[in-house]
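Novice: What follows is each chain in one-letter form.
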Amino acid sequence: AQSVTQLDSQVPVFEEAPVELRCNYSSSVSVYLFWYVQYPNQGLQLLLKYLSGSTLVKGINGFEAEFNKSQTSFHLRKPSVHISDTAEYFCAVSESGSNYQLIWGAGTKLIIKP
Amino acid sequence: EAGVTQFPSHSVIEKGQTVTLRCDPISGHDNLYWYRRVMGKEIKFLLHFVKESKQDESGMPNNRFLAERTGGTYSTLKVQPAELEDSGVYFCASSQMRAQYFGPGTRLTVL
Numbered sequence: 314a315q316s317v318t319q320l321d322s323q324v325p326v327f328e329e330a331p332v333e334l335r336c337n338y339s340s341s342v343s344v345y346l347f348w349y350v351q352y353p354n355q356g357l358q359l360l361l362k363y364l365s366g367s368t369l370v371k372g373i374n375g376f377e378a379e380f381n382k383s384q385t386s387f388h389l390r391k392p393s394v395h396i397s398d399t400a401e402y403f404c405a406v407s408e409s410g411s412n413y414q415l416i417w418g419a420g421t422k423l424i425i426k427p
Numbered sequence: 449e450a451g452v453t454q455f456p457s458h459s460v461i462e463k464g465q466t467v468t469l470r471c472d473p474i475s476g477h478d479n480l481y482w483y484r485r486v487m488g489k490e491i492k493f494l495l496h497f498v499k500e501s502k503q504d505e506s507g508m509p510n511n512r513f514l515a516e517r518t519g520g521t522y523s524t525l526k527v528q529p530a531e532l533e534d535s536g537v538y539f540c541a542s543s544q545m546r547a548q549y550f551g552p553g554t555r556l557t558v559l
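Which chain is which? The protein sequence lines are A and B, in order.
Note that our numbering has the first sequence beginning at 314, numbered continuously upward.
Note that our numbering has the second sequence beginning at 449, numbered continuously upward.
These are computed hints drawn from the structure, not numbers from a lab.
Certain hints may be false.
Claimed, not checked - Computed list of lysine-lysine pairs in DSS-like fashion (alpha-carbon distance at most 30 Å, straight line):
1) A/371 / B/502
2) B/492 / A/382
3) B/492 / A/422
4) B/492 / A/371
5) B/492 / B/526
6) B/463 / A/382
7) A/371 / A/391
8) B/502 / A/362
9) A/362 / B/489
10) B/489 / B/463
11) B/499 / B/526
12) A/422 / A/382
13) B/502 / B/526
14) B/499 / A/362
15) B/502 / B/463
16) A/426 / A/391
17) A/391 / B/489
18) B/489 / A/422
19) A/371 / A/422
20) A/362 / A/382
21) B/489 / A/426
22) A/362 / A/422
23) B/492 / A/362
24) B/492 / A/391
Kindly produce the complete structure, drawing on both the sequences and the hints.
Specialist: As C-alpha cells, then:
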C-alpha cells in the first residue's frame, strides 16, 4: 500500500454511544487489512484482520470492521463503547506479494467521556 | 503460549552512546519484524527477518543501525552511535502467516 489514512487524530465519544474510526488506504494490488489497539502503557494488540472472504470481520472486545474495496476503506465500529476502550487505534495494511510489512495509519485516539 | 517479549522496556542514553535492543519472538514464528514510532509520527517499518536471514532492510534509517537474528531465534537491534533523532518506541513483531503479533516495545530516549 502506498499510504494509509486515518483522518481523525482524536475521537471523543460518550460512554455507551456508538463509534466509528475511519481508515482509508491506497494501493494498486490486493491488500490485507488490520486494526491494532494500544492501551495506555501497553504494546500493540491485534484487534481484527481482513485476509479474504466476508468483508465484515469481527474482532475482540465487540469491535467489527468492514472492508469496502470500491471505497478503499476499512472502518472500525463498535455499537456501544465502554470506558475501558480508551486507547489509540491503528489501521495497518500489507500488500499481497510483499514481505507482509505493515504500512500504518497515524493512529486515532479514542477518548471516552463519562 | 508466551507472546513477543522485548528488553529493555525503557532506555535513556546520551548522544553518541550505543544501545542494543532485544526481541524474543513467539516460539516457532519464522518471520520477525522491527518497527519504530518516532513521537508524533506514524509507525514505520525498519526490517524483516525470515529465520536468520534479512529479507528486507529497506526501512533502516542509516548504517548506524544494525540488526541481527542469531540462529533464527531472538533478534537484536543495535544503534551505534545514537543520535537525538533516534528517540522513539521500537516495536518488534513476529508472525507465521500474515497476522503480526507485537511486543510491548522499547522506549528509547537519546539525550
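Novice: All the hints need checking, so say for each whether the structure fits it.
Specialist: Taking the hints in turn, this is what the structure says about them:
Distance restraint check for residue 371 of chain A and residue 502 of chain B: the Cα-Cα separation of roughly 34 Å exceeds the 30 Å cut-off, and the hinted pair is therefore not satisfied. Restraint check for residue 492 of chain B and residue 382 of chain A: the C-alpha separation of about 24 Å stays at or below 30 Å, so the hint holds. Restraint check for residue 492 of chain B and residue 422 of chain A: satisfied, since their Cα atoms lie roughly 18 Å apart, inside the 30 Å limit. Distance check on the hinted pair: residue 492 of chain B and residue 371 of chain A sit about 26 Å apart at the alpha-carbon level, within 30 Å; holds.
Simply put, residue 492 of chain B and residue 526 of chain B have alpha-carbon atoms about 17 Å apart, close enough for the 30 Å limit, and the pair holds. Taking the CA atoms of residue 463 of chain B and residue 382 of chain A, the gap is near 46 Å; set against the 30 Å cutoff, the hint is violated. About 10 Å separates the Cα atoms of residue 371 of chain A and residue 391 of chain A, which keeps this hinted pair within 30 Å; it holds. Taking the CA atoms of residue 502 of chain B and residue 362 of chain A, the gap is about 26 Å. The hint holds against a cut of 30 Å.
At most 30 Å may separate the alpha-carbon atoms for a hinted pair to count; residue 362 of chain A and residue 489 of chain B meet this at roughly 23 Å. Note on residue 489 of chain B and residue 463 of chain B: the hinted pairing holds, with a Cα-Cα distance of about 21 Å set against a maximum of 30 Å. Restraint check for residue 499 of chain B and residue 526 of chain B: satisfied, since their Cα atoms lie roughly 18 Å apart, inside the 30 Å limit. Straight-line distance between C-alpha atoms of residue 422 of chain A and residue 382 of chain A comes to about 25 Å, which keeps the hinted pair within the 30 Å bound.
With a C-alpha separation of about 15 Å, the suggested pairing of residue 502 of chain B with residue 526 of chain B holds against the 30 Å cut-off. Using a Cα cut-off of 30 Å, the hinted pair residue 499 of chain B and residue 362 of chain A holds, with the two alpha carbons roughly 24 Å apart. With a CA separation close to 27 Å, the supplied pair residue 502 of chain B and residue 463 of chain B stays within the 30 Å bound. Distance restraint check for residue 426 of chain A and residue 391 of chain A: the Cα-Cα separation of roughly 15 Å lies within the 30 Å cut-off, and the hinted pair is therefore satisfied.
Our distance criterion of 30 Å between C-alpha atoms is met by residue 391 of chain A and residue 489 of chain B, whose separation comes to about 26 Å. Proposed proximity of residue 489 of chain B and residue 422 of chain A is supported: the alpha carbons are some 14 Å apart, at most 30 Å. Pair hint residue 371 of chain A plus residue 422 of chain A holds up; C-alpha atoms about 20 Å apart against a cutoff of 30 Å. Between residue 362 of chain A and residue 382 of chain A the CA atoms are separated by roughly 15 Å; this keeps the pair inside 30 Å, and the hint holds.
The hinted pair formed by residue 489 of chain B and residue 426 of chain A meets the criterion: a straight-line CA distance of about 26 Å does not exceed 30 Å. A threshold of 30 Å between alpha carbons decides the hint, and for residue 362 of chain A with residue 422 of chain A the separation of about 19 Å falls inside it, so the pair holds. Distance restraint check for residue 492 of chain B and residue 362 of chain A: the Cα-Cα separation of roughly 19 Å lies within the 30 Å cut-off, and the hinted pair is therefore satisfied. For the suggested pair residue 492 of chain B and residue 391 of chain A, the alpha carbons sit about 27 Å apart, so the restraint of at most 30 Å is met.
Hint compliance for this structure: hints 1 and 6 are broken, all remaining hints hold.
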